[in-house]
Amino acid sequence: MTEEEKIKQELEQKFGFLKDTIAIKRKGRMFFDVPSEKFDEVFAYAVKQMHFDAICAITGMDIVDRYAIMYHLNRQGSIVLNLRIYTGKDNPVIKTVTLFFPGAEMYEREMMDLLGIKVEGLPEGGRYPLPDNWPKDEHPLRKDWKAGASKKENQNA
Amino acid sequence: MHDPGEVKITIGPQHPALKEPESFLLSLHGEKITASSVRLGYNHRGIEKACEDRTYVQDLYLVERVCGICSHSHSTCFVQAVEEIAGIEIPARASYLRTLISELERIHSHLLWLGVAGHEIGFDTLLMYTWRDREAVMDVLAAITGNRVNYGMNTIGGVRRDITPQHKEMVLKAIDILEERTKYYIELGLGESTLLKRLSGVGKLTNEDVVRLGAVGPTARASGWGRDVRKDDPYAAYAHLDFKVITNDQCDVYGRTLVRLGELMEAYSMVRQILQKMPDGPIAVKAPRKIPAGEAVSRYEAPRGEDFHYVRSNGTDKPDRVKVRAPTLANVQAVSKMLEGGYLADMSIVVAAIDPCFSCTDRLISVCDEDTQKKNTVSWESIRLKGIDWYKNQGIDFTYLNKKLARKF
Chain L
1 MTEEEKIKQE
11 LEQKFGFLKD
21 TIAIKRKGRM
31 FFDVPSEKFD
41 EVFAYAVKQM
51 HFDAICAITG
61 MDIVDRYAIM
71 YHLNRQGSIV
81 LNLRIYTGKD
91 NPVIKTVTLF
101 FPGAEMYERE
111 MMDLLGIKVE
121 GLPEGGRYPL
131 PDNWPKDEHP
141 LRKDWKAGAS
151 KKENQNA
Chain E
1 MHDPGEVKIT
11 IGPQHPALKE
21 PESFLLSLHG
31 EKITASSVRL
41 GYNHRGIEKA
51 CEDRTYVQDL
61 YLVERVCGIC
71 SHSHSTCFVQ
81 AVEEIAGIEI
91 PARASYLRTL
101 ISELERIHSH
111 LLWLGVAGHE
121 IGFDTLLMYT
131 WRDREAVMDV
141 LAAITGNRVN
151 YGMNTIGGVR
161 RDITPQHKEM
171 VLKAIDILEE
181 RTKYYIELGL
191 GESTLLKRLS
201 GVGKLTNEDV
211 VRLGAVGPTA
221 RASGWGRDVR
231 KDDPYAAYAH
241 LDFKVITNDQ
251 CDVYGRTLVR
261 LGELMEAYSM
271 VRQILQKMPD
281 GPIAVKAPRK
291 IPAGEAVSRY
301 EAPRGEDFHY
311 VRSNGTDKPD
321 RVKVRAPTLA
331 NVQAVSKMLE
341 GGYLADMSIV
351 VAAIDPCFSC
361 TDRLISVCDE
371 DTQKKNTVSW
381 ESIRLKGIDW
391 YKNQGIDFTY
401 LNKKLARKF
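Those protein sequence lines, which keep their order, are chains L and E. Read in our numbering, the first sequence has 68 at position 68, and its numbers run on one by one without any break. Read in our numbering, the second sequence has 145 at position 145, and its numbers run on one by one without any break.
Simulated from the structure, these hints should not be mistaken for lab results. Just so you know, even glycine gets a beta-carbon here, dropped at the ideal spot from N, CA and C. Check the hints yourself; a few may be wrong.
Said to hold, decoys possible - Quick look at which bits of chain E chain L covers, simulated, 3 or more residues with Cβ under 8 Å: (1) 43-57; (2) 160-169.
Claimed, not checked - So the derived list for chain E, only partly shown, Cβ under 7 Å to chain L, looks like this: (3) 177; (4) 297; (5) 323.
Said to hold, decoys possible - Which chain L residues stay away from chain E? Per the calculated CB distances, all over 12 Å, these: (6) 10; (7) 14; (8) 38; (9) 53; (10) 72; (11) 85; (12) 86; (13) 127; (14) 147.
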């Protein structure tokens, strides 16, 4: 049994709802979706019990009717565990993971700016990476945002 | 509680000593930095968004321009993800060629860093020496790819240029020279008391902080964190090469210097192995224009640390999402940590790009005597008048010019 299969088995045993959802795409690459309400539990288990002690990045994306947030966890070796959660477009909110990884702050701020996803529990702080005078309701990585149509860009023209 | 001795200064985003725009807000108590925070984003060009409107081949050249020094890193990291989604197996020779450029890039980047580090500590001879030597590897890169940076080497399915026997000879010759020079720098690093005294204990970052803040690359390896994507998650031809992951337990700038010097020596040995083991054969396979729907994560050990790309495709010739996490973003919070508790004068070498210069300090609020707690407020106007008087004493009088300007506005 490979290391990936062992991780899959352990997660499925611990969390019944993950059964048959964990995909091993190739050596070292595991992808799976986690229901939002169970995210805290699964994330904490992966970090604390399975020793995924590094976070490569957090990717936010706009997929048709909702936003997906993917956490790329890693530990010594080749395995990258990619956990994905979804949030609705009406009120996109997720919880911060800076309690586990203080270094993830920049990745979360980036999502706040570029996708307009609210991150609960993140302390007040400056913007990243957009300028301070960027319109608050414009989030460039949303699919309905088009370069050239921005208020800010027109202002500068 | 407000500390009466605390002074806040900002350095950047535009600063004479900054190589790139970034802004540091430092809290100082005397000469000591008590807290620091960093503001980034001044160079945000919207590349991730731009990738969504361009084809995969166009994106390849766009991501190459994420960084000048690590250009091959980003393009390789991106192309690996695309090839994984499309199920393309690149020819063995192509993966060796990618690795060759990758290690030559690491050599030029580390030599560049060594020069900058020398400059920041006032050791400009080191800057002149290393940058002169660096030309040897830049010439090799230019001869192979046609460019000193932004090599345009990768294409989806392999690489665009092969190397000739003349190139091979040129590379080996340059590596021999550089290896000898690097040995000298190592000797210098280990024996020169100026370097040792200036760099030891500066920019401390403990192993626990590396784990907590997610630092990567030589920064992390100099704090005993032995992770290297080339070893942990081999890509291109790294699985076939014999090399060591260089670590150090100094946890300071001196340790980071030694790690980079050690990595240079490993890189020379790797380049020789690549040239020896490189098989013959094609350098690229044909790739489809449209990439099937899917997603992939790609990692690459850039000279500055782990580079991370995520690509999501939707079956068209343009990606749905491209995420780039460059190594510096992972290291930036560690930089803040390194600065805290250090001296302001160490900032330049800790950040390796900033000089302790007050020219862009927001404003002077008050000067407080640390022993008597007596405050002495200096206003902008008084500084201005003092400046005018000082120049007058030097024989430079702007009174006429000032009056003329005042009339104009």
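Outcome of the hint check:
1. Coverage of the segment 43-57 of chain E by chain L holds in this model, with 6 residues showing a Cβ closer than 8 Å to a Cβ of that chain against a need of three.
2. Note: the segment 160-169 of chain E has 0 residues with beta-carbon separation from chain L under 8 Å; the three-residue rule is not met and the coverage is violated.
3. Because the smallest distance between the Cβ of residue 177/E and any Cβ of chain L comes to about 36 Å, over 7 Å, the interface hint for this residue is violated.
4. This hint holds: residue 297/E has a C-beta 5 Å from the nearest C-beta of chain L, less than the 7 Å allowed.
5. Taking 7 Å as the C-beta contact cut-off toward chain L, the hint placing residue 323/E at the interface holds, the least distance being around 4 Å.
6. With a least beta-carbon separation of about 21 Å from chain E, residue 10/L lies farther than 12 Å from that chain, consistent with its non-interface assignment.
7. In this structure residue 14/L is separated from chain E by more than 12 Å, as the shortest Cβ-Cβ distance comes to about 23 Å.
8. Distance check for residue 38/L against chain E: the nearest CB is about 22 Å away, which clears 12 Å, and the non-interface claim stands.
9. For residue 53/L, the condition that its CB be more than 12 Å from all CB atoms of chain E is violated, with the nearest at approximately 6 Å.
10. Separation of residue 72/L from chain E is inadequate, the least Cβ-Cβ distance of about 6 Å not exceeding the 12 Å criterion.
11. The beta carbon of residue 85/L sits about 15 Å from the closest Cβ of chain E, which is more than 12 Å, so the claim that it is off the interface holds.
12. Even its closest Cβ contact with chain E, about 14 Å, leaves residue 86/L beyond 12 Å, as expected for a residue assigned away from the interface.
13. A Cβ of chain E approaches the Cβ of residue 127/L within 12 Å, the least distance being about 7 Å, so the stated non-interface status is violated.
14. The claim that residue 147/L is not at the interface with chain E is violated, since a C-beta of that chain comes within 12 Å of its own (minimum 7 Å).
Comparing the model with each numbered hint stated earlier shows that hints 2, 3, 9, 10, 13 and 14 do not hold.
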